[in-house]
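Colleague: Just so we're aligned: the sequence shown equals residues 1 to 535 in full-length UniProt numbering.
Think of the hints as simulated: they come from the structure by calculation, not from any bench.
There's no promise every hint is true.
[What the hints assert, rightly or not] As a list, the in silico DSSO-like pairs of lysine-lysine whose alpha-carbon atoms are at most 27 Å apart:
1. Lys374 <-> Lys225
2. Lys429 <-> Lys516
3. Lys374 <-> Lys429
4. Lys234 <-> Lys118
5. Lys219 <-> Lys117
6. Lys411 <-> Lys155
7. Lys374 <-> Lys516
8. Lys155 <-> Lys117
9. Lys411 <-> Lys448
10. Lys510 <-> Lys429
11. Lys411 <-> Lys118
12. Lys117 <-> Lys127
13. Lys219 <-> Lys127
14. Lys448 <-> Lys496
15. Lys516 <-> Lys448
16. Lys234 <-> Lys510
17. Lys219 <-> Lys118
18. Lys118 <-> Lys155
19. Lys411 <-> Lys496
20. Lys117 <-> Lys411
21. Lys234 <-> Lys155
[Said to hold, decoys possible] FRET-style restraints, in silico, Cβ to Cβ:
22. Tyr129 <-> His95: 45 to 51 Å
23. Ile138 <-> Asp169: 44 to 50 Å
24. Arg168 <-> Gln107: 20 to 26 Å
These numbers come from a predicted model, not from an experiment.
Each residue gets a CB set at the ideal place from its N, CA and C atoms; glycine is no exception.
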Amino acid sequence: MMRRDRFLLAATLTAIFSADLYFILLPKLRGVGQGSREFCSCGSSNITLHRLQGLASPQLSNWTSVTPLDDTTTDPTDGGSKLGRLFVHPLYNIHTLELGPEERLLQVEQLMEYYRKKVSRWERHNKLYVEVAAISNISVIEREVTFDPDASWMKFHLGISRYALYSRDDPAIPQLLNDMQSMTVVSADYTQDEKALKGACDCTQVVKPSGHHLKLALKMHNFAKAMFKPMRQKRDEETPEDFFYFVDLQRHNAEIAAFHLDRILDFRRVPPVTGRLVNVTGEILQVTHNEDLRAVFFTSPANNTCFFAKCLYVCKTEYAVCGSPDLLEGSLSAYLPGLSIAPRVSIPNPWIRSYTFNGREEWEVNPFYCDTVKQMYPYNSGNRLLNIIDMSIFDFLTGNMDRHHYEIFTKFGDEGFILHLDNARGFGKHSQDEMSILSPLSQCCMIKSSTLARLQLLARPEFRLSDVMRESMEGDSLRPILTEPHLLALDRRLQKVLRVVQRCVRRLGKEEVIAKDFVKSTVKPQTSTEIKRAG
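Assemble the whole structure, with the sequences as input and the hints as a guide.
Modeller: So this is what it looks like as structure tokens:
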């Protein structure tokens, strides 16, 4: 009996040692044998992105750095603009193919005809409203509207392609951000999704309709349109611990910061967003044609002008937002082209949360859930699943747990990019990192080579994510957009993303984890001096 127990113990120990040898030691020995030195922090280049058509590709030196294509090195102590150096790095100078008509969302003639009709309809409607308002003794401020075909928002719409909302060097984007801060508001109204509710809100629903989030559509003097989300929470306030993600407040500064982060990650899937002080009396109350909106304005005991959402369960003054006494800060997000000319479809996120107080979805209890997703259309081919993983990394960095759906342009079909819309529930807790947001990455163990390369670059001291974010947002009129704890949380979360990828590579190997997606790399990008000369 004793001999048999000893034999079983020896067999068990042998099995454990064999498993360790096969799954841990052998992969490391193979890496050394191939000269990869994959996890040595002191070595030189160890992960090389695949070459395409004989062109040089960026080389990754370790899990937090990238070797430039040329032999020059950047001294992190040399001062200057980290953001400027980032955008002239080879990883941000990767060419895409020449865009044909099918790769562009809209054509010039098509867009011009569409907006000429809208302007004509607006003028007729506005004239009629002014006449009716005069009869009813309603005070309305008339402001001139002039359609400008060369406006920055028109160029933004025309620049949308199969690959992104805008190109890396599109001059219309900084111009649009600047314009939105000063454009004259000629009309204010509820957004279309809030209008659809018609004030009828079901208080029994755990997740309330979007109408209670208090957002408005503002039309500008040149016929531009922007979504206004007012300040609901101070920058130094964190989301209370007892709040569920689906009842969290929407933060205007989160929308602004998300745009800058999306641009720095080179996704370019968030429409341009800027901050602005809005006069709620002169730029909303006095220009709106919607009587329902006019009816929710009131003057607070402190003599501030306030308004609230029209849903029944929040038609109370304690849910209102107020100016000081009339000025209220908020975010302005550029509208995408209308659905009638650029249709979009909303698709449930495979990693959607339960949106109940105690329910759980399959992905939360099944670690092999991604195997099921990979068998489903449209995630069984193409880039859709990789784009979902990009989105999960983006949401993890911002702390946004509320990504229940995503949208794509129908024109581009399954290979179109995913729009990163509605980011106002990000940046709520700088002290907590919600790892479940990264489940698409940790369960699927896949990531685009370009995404990984840029994440590693942004972990280097000379391109540190918090530093380039701080610099990028410095140009916003409502600066500072994020507090320092939120900026430092970006660096901490970035390291956690890289560690998840590192574990996947250890387990499955680079070939299984890192997906090829570079189109073409420049051998030597323009320097900052050359860019200034070209400008």
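Colleague: For each hint, tell me whether it holds in the structure or not.
Modeller: Evaluated hints:
{"no.": "1", "hint": "Lys374 <-> Lys225", "result": "39 Å, violated"}
{"no.": "2", "hint": "Lys429 <-> Lys516", "result": "34 Å, violated"}
{"no.": "3", "hint": "Lys374 <-> Lys429", "result": "32 Å, violated"}
{"no.": "4", "hint": "Lys234 <-> Lys118", "result": "38 Å, violated"}
{"no.": "5", "hint": "Lys219 <-> Lys117", "result": "16 Å, holds"}
{"no.": "6", "hint": "Lys411 <-> Lys155", "result": "19 Å, holds"}
{"no.": "7", "hint": "Lys374 <-> Lys516", "result": "18 Å, holds"}
{"no.": "8", "hint": "Lys155 <-> Lys117", "result": "18 Å, holds"}
{"no.": "9", "hint": "Lys411 <-> Lys448", "result": "23 Å, holds"}
{"no.": "10", "hint": "Lys510 <-> Lys429", "result": "33 Å, violated"}
{"no.": "11", "hint": "Lys411 <-> Lys118", "result": "22 Å, holds"}
{"no.": "12", "hint": "Lys117 <-> Lys127", "result": "16 Å, holds"}
{"no.": "13", "hint": "Lys219 <-> Lys127", "result": "16 Å, holds"}
{"no.": "14", "hint": "Lys448 <-> Lys496", "result": "17 Å, holds"}
{"no.": "15", "hint": "Lys516 <-> Lys448", "result": "6 Å, holds"}
{"no.": "16", "hint": "Lys234 <-> Lys510", "result": "43 Å, violated"}
{"no.": "17", "hint": "Lys219 <-> Lys118", "result": "12 Å, holds"}
{"no.": "18", "hint": "Lys118 <-> Lys155", "result": "17 Å, holds"}
{"no.": "19", "hint": "Lys411 <-> Lys496", "result": "36 Å, violated"}
{"no.": "20", "hint": "Lys117 <-> Lys411", "result": "22 Å, holds"}
{"no.": "21", "hint": "Lys234 <-> Lys155", "result": "34 Å, violated"}
{"no.": "22", "hint": "Tyr129 <-> His95: 45 to 51 Å", "result": "49 Å, holds"}
{"no.": "23", "hint": "Ile138 <-> Asp169: 44 to 50 Å", "result": "47 Å, holds"}
{"no.": "24", "hint": "Arg168 <-> Gln107: 20 to 26 Å", "result": "22 Å, holds"}
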